Amino acid sequence: MKDDHFTALSREALEQQIERTLLLLADEATRGPHVLERELERDLQDYYAPSADQHEALQRVWRRFHAHQQAASKQSPALARASIIHLARRRKYRQIKMFTVALGQAKLTRYVGITAIVTAFVFALGSLVYMLARHNQCGIRPDFLPSAPGNA
Amino acid sequence: MFQGLAFSHEGNNSLSAVLYQRYAAKLFSYVCRHVSTSEDAEDLLLEVFLSLLEHEQTLISRGEDEQRAWLWTVARNKIIDFHRRAARRSHTNPLEQTLEIADDERNVPEAVLLRKEAHDHLHQHVQNLPAKQQEVLELYFAGGLNHVEIAAILHKREGAVRTLFSRALHKLRNTYRNGGTS
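Residue numbers (my numbering), protein chains in the order written: chain A, 957 to 1108; chain B, 225 to 406.
I should point out that these hints are in silico values taken from the structure, not numbers from a laboratory.
Because the structure is a prediction, the values reported are computed rather than measured.
You may find that some hints are simply not true.
Derived SDA-like pairs: lysine to any residue, alpha-carbon spacing no greater than 25 Å straight-line [as the list claims (entries may be wrong)]: (1) B:K395 to A:K1030; (2) B:K356 to B:L393; (3) A:K1030 to B:L283; (4) B:K356 to A:A1023; (5) B:K356 to A:K1030.
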């Protein structure tokens, strides 16, 4: 029973296989192997081809890309401005620095001037005091003074 | 194919606009086959063109073939990065699996599902090919790239790519001979 069933199935399968092979041989004989190859190539191209319903998705991506592009182009002048500000700040800082240095130099000059004046004043005063003292010394010890011709 | 879209934006003749017009549809289709959702595919396509924006000055002097190969290389790398990030998040998928076409039909974009239904028989046989053969076929038919460009993208010799391609076609041809198409 089992063997009969198996034989029946095998025979049926075998007949189907033969029928299919004959059909394929006939098909290849009429169409040729190149036709099958072309068919395969066409099917592969069709299988991998982009579908038509991508339109909206592609539009969305393009809009997002365009927004990025515009943001990037807007960002560039801002960056340029930032560098100008930066340079301006640096210039200002340099000016402040220079001004501070000039201010310090002026103060120093003034101090030196005052010191010089004070020194000159002290020197003049000292000279005056010294001369007066000398004059007083001469007054106390008259023997040092040259004697009058009548006294000799 | 992708004519008449409003992305020209009043005479935008920049390289990015020209290349988007020319390759965006193919690239999107390519990315769609490797990611789980259409949103992810859109994000990746945007990333590809943002990379292009960064390298526009370099690419402008290159030939059309080189520009096309560059775009597909970037797209492929973005897909690999995407799956690497996803694998890091889930700690389950090894990197090798990421190169294979997404088979989980619950997450595959609708357009790809429809394509699979229309070419069910071919799809099954393509899926049975080794991953590298699938990739070569995809870059050839989807990207319109030649063997030299594919070799550059996959970091292989041209001869190796030709062998992979002819083996893949030979297998598919045999299935066509034996079983016919859908």
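Problem - Unmet hints by their number, sorted upward, for this structure - result: 1, 4, 5
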